[in-house]
Every structure is written in structure tokens, then in C-alpha cells.
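Heads up: the sequence shown at position 7 corresponds to 36 in the numbering used here, and the numbers run straight through without jumps.
By construction, these hints were calculated from the structure, which means they are not laboratory data.
Check the hints yourself; a few may be wrong.
Just the calculated beta-carbon pair ranges, DEER-fashion [said to hold, decoys possible]:
#, residue 1, residue 2, range
1, Lys138, Met114, 34 to 42 angstroms
2, Leu135, Asn107, 27 to 35 angstroms
3, Asp86, Met114, 14 to 22 angstroms
4, Asp72, Met113, 32 to 40 angstroms
5, Tyr98, Leu32, 15 to 23 angstroms
6, Asn107, Leu131, 29 to 37 angstroms
7, Leu43, Ala116, 30 to 38 angstroms
8, Gly53, Ser104, 36 to 44 angstroms
9, Lys40, Gln65, 14 to 22 angstroms
10, Ser44, Gly90, 21 to 29 angstroms
11, Ser46, Met113, 37 to 45 angstroms
12, Ser44, Ile71, 32 to 40 angstroms
Ideal placement from N, C-alpha and C gives every residue a C-beta, glycine not left out.
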Amino acid sequence: MLLNLKYLREKKGLSQSELARAVGMTQQAINKYENQSTEPDIDTLKKLAAYFGTSIDFLVGNTDIERKYEAVTKSDLNAEELMMMEAYRDSEPKYRDILLDLIRKLNGKNE
């Protein structure tokens with residue numbers, strides 16, 4: 030069950046056909062996944078998760094954390110960076126976007 034596929038597709042402003050072309054599937058397959066009339070195999074899940082930069086868990090609705098976690102060990106971060114990372118991860122998704130936008134603006138990277 031791909032509970033978040035339609036959300037991710039619409040967030041990127043893609044039609045079902047555009048997504049299908051981008052990941053090498055048919056529009057009909059995307060439609061069936063979104064309408065939960067069929068379930069994709071693990072290779073398809075991996076492909077979709079990679080395309081959207083998310084996890085399979087988010088695609089299937091097991092988590093509300095949209096971004097794919099990258100492995101970070103505490104030894105990779107100083108105390109201030111660790112505090113910021115933990116605060117970010119504890120934030121609601123809508124606030125994460127605000128935090129990222131603020132950091133980009135402060136660094137002169139208005140993407």
C-alpha cells in the first residue's frame with residue numbers, strides 16, 4: 030500500500046504519466062499504486078523511494094518522516110551541531126521546511 034505516493038507526486042508537480050516516464054513504469058501502474066488496487070514489488074518500492082529521496086517506510090505510511098535519514102554518528106558532530114540535529118529531528122515536518130529555508134537564506138543559497 031503506497032499511502033504517500035500521490036502526495037509525493039503532487040508535491041513535485043508531476044502527472045502520473047510524467048512520474049511513470051521518470052521511473053520507467055506505465056501510467057496505469059502508478060494509477061493502480063495510488064488507488065491501492067495493486068502493490069508494487071520491493072524493487073519498485075526502492076526505485077520510487079530513491080526517486081523521491083525518501084524511505085520505503087514513508088511511501089507505505091509506516092512513518093511520517095518524509096526525508097530519508099542519513100547515517101550520522103555523534104562523533105561526526107560537535108555539541109552545537111548535535112543539538113541542532115536533534116532539534117530538527119524532533120520538529121514537525123512543516124517546521125523542518127522552515128528551518129531548512131532559513132539556513133539556506135542565511136548561507137545565501139536561495140534555492
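Hints breached by this structure: Those not satisfied are hints 1, 2, 6, 12.
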